[in-house]
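> If you're matching them up, the sequences are chains A and B in order. Note that the working numbering has the first sequence beginning at 1, numbered continuously upward. Note that the working numbering has the second sequence beginning at 1, numbered continuously upward.
In case anyone wonders, no lab produced these hints; they're calculated from the structure. Every residue gets a Cβ at the ideal spot worked out from N, C-alpha and C, and that includes glycine. A portion of the hints provided could be inaccurate.
[Unchecked claim] With a Cα cut of at most 25 Å, we get these calculated SDA-like pairs of lysine to any residue: (1) K282(B) x G230(B); (2) K140(B) x I67(A); (3) K220(A) x V244(A); (4) K289(B) x D229(A).
[As the list claims (entries may be wrong)] Partial selection, computed: residues in chain A whose CB lies under 8 Å from chain B: (5) A139; (6) I145; (7) G176.
Here is what each chain is made of, one letter per residue.
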Amino acid sequence: MKILVLISNVPDTTTKIRFTGDNTAFDTSGVQWIINPWDELALTRAVELKEAGAVEKVVVANVGEKITEPTLRKALAVGADEAIRVDTEPKDSYFVAKQLAQVAKDFDIILAGIEASDYNGSAVGGMLAEILDIASVSAVSGLNIENGELSVNRDIDGGSQVLSINTPVVLIVQKGIAKEPRIPAMRGIMMARKKPLNVVPAVDAEPRTKFVKFELPPPKAACKMVDEDNAKELIRLLHEEAKVI
Amino acid sequence: MSILVYTENWDGKFKKLSFELVSYAAALAKESNTTVTALSIGNVAEDELKKLGDYGADKILNVKNEKFTETLDNRALAKAVANAVEAEDAHVAVFSHNNLGKAIAPRVAVKLDAGLVSGVVALPVSHDPCTLKKKVFTNKAFAYVEVLTDKKVITLAQNSYELVKTENKAVIEDFDPKVDESEFTTVVKETNKITGKVLLTDAEVVVSGGRGMKGPENWGMIEELAELLGGATACSRPVADEGWRPHSEHVGQTGKIIAPNVYFALGISGAIQHLGGVSSSKVIVAVNKDPEAPIFEAADYGIVGDVFKVLPQLIEAVKEMKSH
Ligand SMILES: Cc1cc2nc3c(=O)[nH]c(=O)nc-3n(C[C@H](O)[C@H](O)[C@H](O)COP(=O)(O)OP(=O)(O)OC[C@H]3O[C@@H](n4cnc5c(N)ncnc54)[C@H](O)[C@@H]3O)c2cc1C
Ligand SMILES: Nc1ncnc2c1ncn2[C@@H]1O[C@H](COP(=O)(O)O)[C@@H](O)[C@H]1O
Chain A
1 MKILVLISNV PDTTTKIRFT GDNTAFDTSG VQWIINPWDE LALTRAVELK
51 EAGAVEKVVV ANVGEKITEP TLRKALAVGA DEAIRVDTEP KDSYFVAKQL
101 AQVAKDFDII LAGIEASDYN GSAVGGMLAE ILDIASVSAV SGLNIENGEL
151 SVNRDIDGGS QVLSINTPVV LIVQKGIAKE PRIPAMRGIM MARKKPLNVV
201 PAVDAEPRTK FVKFELPPPK AACKMVDEDN AKELIRLLHE EAKVI
Chain B
1 MSILVYTENW DGKFKKLSFE LVSYAAALAK ESNTTVTALS IGNVAEDELK
51 KLGDYGADKI LNVKNEKFTE TLDNRALAKA VANAVEAEDA HVAVFSHNNL
101 GKAIAPRVAV KLDAGLVSGV VALPVSHDPC TLKKKVFTNK AFAYVEVLTD
151 KKVITLAQNS YELVKTENKA VIEDFDPKVD ESEFTTVVKE TNKITGKVLL
201 TDAEVVVSGG RGMKGPENWG MIEELAELLG GATACSRPVA DEGWRPHSEH
251 VGQTGKIIAP NVYFALGISG AIQHLGGVSS SKVIVAVNKD PEAPIFEAAD
301 YGIVGDVFKV LPQLIEAVKE MKSH
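So that you can see chain A by itself, here it is in the shape it has in the complex (with noise of 0.2 Å):
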């Protein structure tokens, strides 16, 4: 069983989002990049599950520059056994989804997240599948291999199930799916160095969407301040002022 974890470069989660040139594009301007945090959780799993016995070999691939590489070279410290990245500028998912397609096919289990949290798309890992022509589980929050079995849990509205699945297949990963997301060690530091990251070169793909323009949201009111002995007013307020209760 080999699995593939589709690994998104973004701006670490407490960045300020800035944008230049008239609002057409991110400032990345001193942002520091990390793993998606799904895409971290979904690595994290998949190296548990290699370490269980229940998988050969787990490989990150991404489709971004250069600059992508420390991020790559971390997926390859948590454990990861090679890297791929597709040379390209990520221009929207369906553009994405379309360089993954290529280095996909010969895995088991291809992971992915929910969605990338700079862009929000929430589209790769469902795009990837239909091109691909596989089946796809979204709101996955548990896989178990067992006798090269899948077992998946998945989160529905007000609940969750259990669900068995064919490979190959496409899982699109959030919370649960690993605990905690695994920090490298040294010694996983020190080896990701010699681990392979292979660059391939991008296929054709138009874009079907672009990104235009972008907007901050307009500035929040000051906070109306209730003292705290006399609480019940904030109640007033809720129910007479913001008609909310």
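Chain A is already provided as a structure; the job is to place chain B with the ligands on it using the hints.
Then chain B with the ligands, alone, in the frame of chain A:
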């Protein structure tokens, strides 16, 4: 030409978000001089289907096949929806930006060679080119996205469009989605549903506690306030990680993203990752003993104080309000 909207049902019933979605599609149809077809898959009674007409659906395609709703098989569902889009010659397909919408909209977009914009918050700012406003950076910013294809797929963020009632009477037609039994690959072995509680993602009032609540034994007060207000309970990530509350209640960037009418943040510092999940709430109320806590920058109403002193007063006040 028409607009197709996929209206999910929950045990045969629609929810507010289904009607929001139809209202949105109806407004979109009006702007582009076309009609709205709602697609319903599963076992929904005719009276319930008719409600879609009240919010502007002109036609309802009814697929009475429970296999789709039992398995929620993404591939089979996407094929059914894409077939409906083609049968209706629709140029736009609209989904909710919830679990199921996120699961199938991308697949439908690929099938239709359509551009997808997800998490849309408003009607298009322009039609030619079609430019849509969506959330990015987990609620920290918005983007305007141009769709470059003739066909478009949209997922609409919850609580971003008002319900609009119309006088429409929708025509209901049975629809054969032309999906073979053999195309279902998902086998559901077990389903666990929480019943009798307001779902966090549907709730108009959410009462949420953080590490400042000190321990699980203090959640009685949070539950009481939520119940009095007909709302749901939530928590910050460390609270779920500590096992004080179930993971299903964790809100934030890595948990659920919610947008209730009012969100009570009790003993929550307001870390940026937490705010990502709640900042679309209409009103945020914060109680925190630290006047410098970042939650006060995001909040509309606040009390600097000890939550153990404040919460009982809030509960009292709500009881009083309700008795009037
Ligand atoms: C990649 C990443 C993703 C994350 N995702 C999420 C997420 O999805 N959701 C999330 O919540 N967090 C998330 N976090 C964690 C986040 O950064 C914060 O650590 C977390 O939100 C803090 O939780 P808290 O406010 O409950 O606890 P604390 O930060 O410890 O805050 C407790 C607050 O309670 C107040 N307090 C204490 N006692 C009292 C009292 N008696 N009365 C009143 N107030 C009191 C304190 O003043 C303090 O402000 C994420 C972090 C990372 C790095
Ligand atoms: N450029 C990329 N390279 C590799 N994987 C990606 C890329 N962008 C998105 N993904 C994967 O798709 C998931 C969803 O991303 P998105 O659809 O962009 O919100 C992410 O969590 C990643 O697993």
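> Indicate, hint by hint, whether the structure satisfies it.
Hint check results:
no.: 1; hint: K282(B) x G230(B); result: 17 Å, holds
no.: 2; hint: K140(B) x I67(A); result: 24 Å, holds
no.: 3; hint: K220(A) x V244(A); result: 18 Å, holds
no.: 4; hint: K289(B) x D229(A); result: 13 Å, holds
no.: 5; hint: A139; result: 5 Å, holds
no.: 6; hint: I145; result: 15 Å, violated
no.: 7; hint: G176; result: 6 Å, holds
Hint compliance for this structure: hint 6 alone is broken.
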